[in-house]
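Engineer: Residue strings, one per chain:
2 protein chains.
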Amino acid sequence: MAVRHYTLDFSLPAPADLPATMQGLQSIFQEQEMTETIHDTEGHGYLVTFIGKNGRFGVLRAHSHGLVTFDLQCCEGDDVAQVDNLLNELEKKMKSLLHGNIKRIKRLPALRRGDEVDRYWPTADGRLVEYDIDKVVYEEDSVYQNIKILHSQQFGNILILNGDVNLAESDLAYTQAIMGSGKENYAGKEVLILGGGDGGILCEAVKLKPKMITMVEIDQLVIDGCRKHMRKTCGNVLDSLTGDCYEVLVEDCVPVLKRFAEEGRTFDYVINDLTAVPISTAPEEDSTWEFLTLILDLSIKVLRPTGKYFTQGNCVNLTEALSQYEEQLGTLSCRVDFSKEVVCVPSYMELWVFYTIWKK
Amino acid sequence: MAVRHYTLDFSLPAPADLPATMQGLQSIFQEQEMTETIHDTEGHGYLVTFIGKNGRFGVLRAHSHGLVTFDLQCCEGDDVAQVDNLLNELEKKMKSLLHGNIKRIKRLPALRRGDEVDRYWPTADGRLVEYDIDKVVYEEDSVYQNIKILHSQQFGNILILNGDVNLAESDLAYTQAIMGSGKENYAGKEVLILGGGDGGILCEAVKLKPKMITMVEIDQLVIDGCRKHMRKTCGNVLDSLTGDCYEVLVEDCVPVLKRFAEEGRTFDYVINDLTAVPISTAPEEDSTWEFLTLILDLSIKVLRPTGKYFTQGNCVNLTEALSQYEEQLGTLSCRVDFSKEVVCVPSYMELWVFYTIWKK
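Chains as they are written, first to last, in UniProt numbering: chain A, 1 to 360; chain B, 1 to 360.
I should point out that these hints are in silico values taken from the structure, not numbers from a laboratory.
Among the hints, a few may not be true.
Since the list gives no way to pick one copy over another, a pair counts as held whenever it fits inside one copy or between any two copies.
Below, a list of computed lysine-lysine pairs in the DSS-like style, where the Cα atoms sit at most 30 Å apart [unchecked claim]:
1) K135 to K359
2) K53 to K103
3) K189 to K232
4) K207 to K53
5) K135 to K103
6) K183 to K209
Please build the complete structure, drawing on both the sequences and the hints.
Structural biologist: Right, dumping it as structure tokens:
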């Protein structure tokens, strides 16, 4: 059982005679058998609340600066036609009372509050977006994170880690971008993938006939969920942790990178597909930025002189975070250069920055 | 002056002792000097409203089935840190009162109500999405429609006609898709564009050295706005209504199509870029579907036997509307075949269907 929260707002060009206007609306609520309570706002405009049948609750508020807002909360399963009708009546009456003198009327799609399946996953830059999610197909709490795979009508299944949209089955654009946007020749090359538990990069890389791919993913439960529910992304590569030209190590990538660096093992491509907020089991890496730099430093160590390091940045709007990251690139023990690309990843609902980094 | 509307919802696994829980929250509101009113809900759970300083207004509601919702409306310019603090305190207290026994806590980005610049432009399939819009750069009411060009930080300027997002400067993907996704050879061809007032198709088509492009756009004010504010889309092609290989007719396309059909004038490509809800000045075309069929029928008449007709469909989720359109294709006076493609148009926040239609 959930609640639908309707909003209907009127922006008036000038402060109207609000008490009179509010009075004029009364009949609409009386017809709906809603009981009104007028509140004392201590000079902050006009405020009435309404209690109606079936748990309906309304708030009508008129701000002295000329904004009139109306909220209507209804229980799921309430008569939608009746609710629509009430909102239509209110809109009609307001237009008539104000002689059409309204700057803007805004009626948003109802907020769905307390639904069994949560459809709201804000963007990295903090905007409210509603997804067309209709089903939870996988949910686990691993030692490292909360893992959800949700079904979207248009994007297919979406992997969400700790509330962040990671990748949907529609998002080949992400995988292509973090592999160098088709401009690289992977044939015969040695590739290291950090993270990548959804199997997208592994699946695409295997097709390009590299010599060997090593993937280091910390979370077995991510692999398990994606193997089952993200097959448009991972194909069959996660069915086994080893294949003709790849192996998956289910480990924290930090000690693995350190081991590789010590052993002098190097790669043509290092692809950092760790989640935006990185996960580490090591207690000494307590800040995200320190962790990022550590990973970068170690990755550059295991990168061949002609090699390339690929990683996602963040939403293109987070210019400060991106600048900070670029500054970090200047502080590495090895001098590097970089280029970046802005890519539209379908399920992200925001443009995303990807980096290519190489040794100077 | 606008209002920020914060929501904070708690989904409880089982109906808790709600009155006791609500009582336990009282101190938080008292500290904020909010005056409470307890409402009689006629058996529909627990409902308290709060009036606070600076016009703050809160609603705490506990539904008997275990959903607790909190709303807080604040005037723009209110102390955000204080508001955040109140929400944090509420969340902390709820966790403690219910001993962490909460299924989901959901706090959405605040709704911005009555803002000078409207950021909410729902998708075609009716979902709520917030854009990163910070400025109105153009707004006109023409004889045909309301025209807005809004600036988005990430998408550039966005053309919005009658409240529908039409095209942003980031949306080359739309233009490429409606031109056949790069699989066509336009060199030396004759092209007819219906609508297309943003100039995107014209700009891209001109680069492909066609023999002649005729564009028929009804609304001079769309052209004017886009020429000035959508230059990443239209380049300089709208600076003049005629060019080396194109002419723009500022007319209703229906009589133009009829004229062309009578004259026996034909085209290699007809690109229908009319808005989703079509505009016609002719009173006899009163239904959208009739209008669509009329345009289609006339377009197929002026299409050469080897020609192709391109058009946008709609959001991939609107399966019924798409099926209905495809059925219409079977009722044309000339028999046609079609293919479709699903494309990610960055500013749309939903996947979009494009059609290619040709004579059987």
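Engineer: How would you label the pair K135, K359 (within, between, both, or neither) given a Cα cut-off of 30 Å?
Structural biologist: neither (45 Å within a copy, 41 Å between copies)
Engineer: Classify it for me, K207 with K53: is the Cα-Cα distance of at most 30 Å met within a copy, between copies, both or neither?
Structural biologist: neither (61 Å within a copy, 63 Å between copies)
Engineer: Which holds for K189 with K232 at a C-alpha limit of 30 Å: within a copy, between copies, both or neither?
Structural biologist: within (25 Å within a copy, 39 Å between copies)
Engineer: My question is about K183 and K209: at a cut-off of 30 Å on alpha-carbon distance, are they close within one copy, between copies, both, or neither?
Structural biologist: both (15 Å within a copy, 28 Å between copies)
Engineer: Between the shortest in-copy and the shortest cross-copy C-alpha distance, which are at most 30 Å for K53 and K103: within, between, both, or neither?
Structural biologist: between (32 Å within a copy, 28 Å between copies)
Engineer: Pop the pair K135 and K103 into one bin, within, between, both or neither, using alpha-carbon distances up to 30 Å.
Structural biologist: Result: close only across copies, 17 Å inter versus 39 Å intra.
In summary, the structure is inconsistent with hints 1, 4 from the numbered list given earlier, while agreeing with the others.
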